[in-house]
Amino acid sequence: MDAGRLTPRPPPASDLPGMDAAPAKALAAFGFLTVLESAEHGLFGGYLVLSPQGRPLEFRCSTPVAASRAQEILYGPTLRPYLFAEVIGRALVAGAELDAAVILTDQPDMLPLALLRHEEILLVQEANVGATTFSLSASSTDAASDVELAEPSSSASLIINGCEIIASPVSTKLSGEIAALLEPLAANVYLAEPFQRIRAALTEAQLASHDDAESTHDRAAA
Amino acid sequence: MTAPLPNGLMRHEPIDAIRFPLEPIAPPSLGCVVCETNDAAAFALPLGSLRVRTFGRVLPEGRDSRGRGTLFGGAHRQAPRASSFVAKQSRQAPAPSSSATRIRAPRDVVKLEDRLAYLLQPPLENLLAAEALDFPFRPFPYQLDGIAYLYPRHEAVLADEMGLGKTMQTVVALRLLAHQGLVRRALLVCPKPLVTNWRREFSQWAPELPVTIMEGNQSQRQWLWNNAEQGVLIANYELIVRDRELAVNVPAPFDLMVVDEAQRIKNRSGATHESICAIPRERSWALTGTPIENSADDLVGIFEFVSPGRLRPQMKTSAIRSAVADHVLRRTKDNVLTQLPPKMIRDADVQLTSEQWATYQRAEEDGVIRLNDMGAELTIQHVFELVLRLKQICNFDPATGASAKLDRLEADLEECAASGRKAIIFSQWVDTIDKLRGKLGRFGPLEYHGRIPSNRRDGVIEQFRNDPSKHILLMSYGAGSVGLNLQFASYVFLFDRWWNPAVEDQAINRAHRIGATGPVTVTRFLATGTIEERIDRVLAEKRELFNAVFDDEPMTRKLGLSRDEIFGLFNLRFPEPKPEAAAA
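Respectively, the protein sequence lines represent chains A and B. For the first sequence, my numbering assigns the number 1 to the initial residue and increments by one for each residue that follows. For the second sequence, my numbering assigns the number 223 to the initial residue and increments by one for each residue that follows.
Treat the hints as calculated values from the structure; they're not laboratory data. The reader is advised that the hints may include incorrect statements.
What the hints assert, rightly or not - Going by beta-carbon spacing under 7 Å, a handful of chain B positions derived as facing chain A: (1) LEU338; (2) LEU341; (3) LEU342; (4) ALA762; (5) ARG765.
Cβ coordinates follow ideal geometry from the N, Cα and C atoms, glycine included.
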């Protein structure tokens with residue numbers, strides 16, 4: 001049983017066409033990437049870089065992106081992954097000052113970003129399956145995080161403190177390696193929690209933008 | 223388009239394969255702002271149409287947001303002064319996000335970058351864990367909310383109902399600020415009898431913080447005012463007035479000043495108010511369960527300390543409400559202790575018997591005539607005496623012993639005893655309790671009041687708890703309203719009413735408290751057409767004012783009668799002072 005491997009081993013990421021070059025940035029941290037969907041404006045992207053203690057180091061957000069009706073038809077089911085990963089995610093991560101060893105997202109449509117970036121892209125979902133679990137001995141002795149490998153019907157997945165971690169299809173990492181990567185952060189942060197911060201910040205930024213627009217309009221009217 | 227992978231993930235076809243014939247969607251525009259620069263020009267970036275595009279950096283060693291940079295900094299972090307300063311690291315797993323307590327920006331934080339800095343912080347639970355703060359027990363969620371409310375605020379009034387833990391919330395918020403390096407020196411002012419209580423709370427909830435009680439002779443206090451550079455100074459109100467010059471001229475402003483029982487500074491012309499408000503400080507927190515006692519102007523006095531100029535005398539209620547909305551946090555037990563069973567309050571309006579009514583009318587008419595005849599000799603004590611006399615007649619007719627309230631009470635107690643439940647009956651007079659004991663003998667009455675020796679009182683409670691034949695406990699407000707746990711009683715009767723709803727609440731809370739296993743029914747007797755009804759009306763008007771400002775539940779705060787209101791019960795006016803007295 002190859003329970004420790006999450007995905008088939010793809011070719012080295014740096015060989016993939018169109019991949020951004022690995023930046024030479026000093027500080028390794030943890031990136032959280034998500035998209036807020038607004039029926040009125042489109043998709044807002046937010047990217048938050050945290051220290052292992054969960055403190056915010058850097059935050060980026062994007063202007064809204066909306067596809068035209070023609071684009072929706074032509075792109076079909078690939079539209080969302082394209083918008084999430086290639087348009088929004090790529091721009092946000094590429095523009096960040098800080099390098100992140102791992103980028104976590106709560107949007108499955110963001111996972112194709114792994115084709116474009118050298119960082120490990122992981123999907124975080126609050127686990128609600130009663131899967132067979134066993135302890136991962138690789139965890140440190142005083143770790144606060146509860147790391148388990150779950151075995152759903154056909155494949156292995158990683159559960160940390162109740163959050164299921166799913167690697168991208170192109171990931172070369174074993175589950176134990178991913179657990180070790182996340183261990184410093186998971187000891188301090190519930191991994192699904194930072195996405196709430198990003199959404200709150202995106203909402204606040206939207207409100208501020210609306211207020212700015214209104215005050216500009218008022219000034220112009222005056 | 224998709225195919226399942228062995229790990230259950232759906233693999234997407236390469237996006238590039240179908241992008242070619244399409245016009246690419248333009249990438250979103252981005253911008254950046256470095257929060258720590260405080261540079262307004264940083265916002266003047268060529269931003270996209272939404273004008274958001276913020277990216278900030280909040281460094282662990284940043285600075286305070288108000289005038290000193292970003293709040294969540296932890297600048298000036300002090301090296302541990304002693305090995306006990308940092309408690310043992312908590313190693314609990316991070317909690318799920320549903321239980322996270324968020325620290326939200328006060329409304330007066332206007333810069334977007336600062337507001338985002340608040341929103342992007344970890345939940346309070348993470349901050350507490352990261353600072354390795356251990357507590358004697360886990361605070362209730364509403365207490366964590368209170369800590370998260372106080373923590374970022376420079377101007378705050380914590381107005382929780384009595385008993386919800388204002389002291390503990392303040393101590394923990396102060397402790398967190400101290401660990402973050404944002405508060406090094408705090409001054410806490412409280413009534414003298416509460417000084418030891420505060421010291422005990424600090425030792426329990428912030429044992430590593432140095433606490434100094436301001437006391438001693440003049441030179442000792444002077445040294446403390448000038449040289450206590452770290453930790454918490456606790457002073458009582460009287461001392462602050464006495465040491466006004468020393469306190470006002472401290473070498474540096476206090477990082478935080480907390481005023482407990484802040485209704486003590488409501489009088490804006492008083493020496494206490496002036497002394498407190500003159501002390502230099504960076505943050506001003508006021509704690510009170512009764513921010514409004516008599517009029518909305520009470521709140522103006524408190525805000526002269528918390529946020530000078532925010533309120534003005536004679537402001538409209540709606541304007542006050544709007545002005546203080548972000549500066550006052552008010553919770554009641556009904557709001558937050560949702561695990562308590564329901565409390566049902568019913569007002570029993572009772573018509574006096576004919577004998578009572580005749581006696582009552584005669585006593586009031588004669589009494590008012592006498593008061594009017596007293597002229598300038600009239601004092602509030604004289605009016606009080608008449609009020610008490612009339613209230614006693616509302617309980618029992620002194621000549622015949624007739625009592626409409628008793629008739630109603632007996633009917634209710636029949637039902638209570640038949641169902642095997644227990645009831646507490648409160649009165650303000652032991653004489654009334656004596657009469658009730660004689661009339662209610664079949665219900666096995668027990669007594670708990672000032673005439674019961676203190677060494678027998680525990681036995682009374684135990685007997686009431688365990689003896690199935692003892693259905694009622696007769697208590698006086700004075701002896702029985704504080705500090706007793708009588709959760710096993712299902713009924714509370716207020717045979718007569720106290721002057722102050724807060725005292726009645728405390729009496730009711732003997733039965734309706736944590737540990738109560740079922741609903742508690744409270745019956746408040748009121749003799750219609752009498753002085754009891756008039757007092758109740760005055761108190762109700764005050765409650766309405768309180769509710770209008772704080773959107774609060776009724777009957778939960780301390781709102782007594784003022785001198786003029788007591789005189790007004792009989793359409794009397796407080797006599798003008800004699801000319802010679804005025805001259806003196």
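Hints, one by one, checked against the model:
{"no.": "1", "hint": "LEU338", "verdict": "holds (5 Å)"}
{"no.": "2", "hint": "LEU341", "verdict": "holds (4 Å)"}
{"no.": "3", "hint": "LEU342", "verdict": "holds (4 Å)"}
{"no.": "4", "hint": "ALA762", "verdict": "violated (40 Å)"}
{"no.": "5", "hint": "ARG765", "verdict": "violated (36 Å)"}
When each numbered hint is compared with the structure, violations occur for hints 4 and 5.
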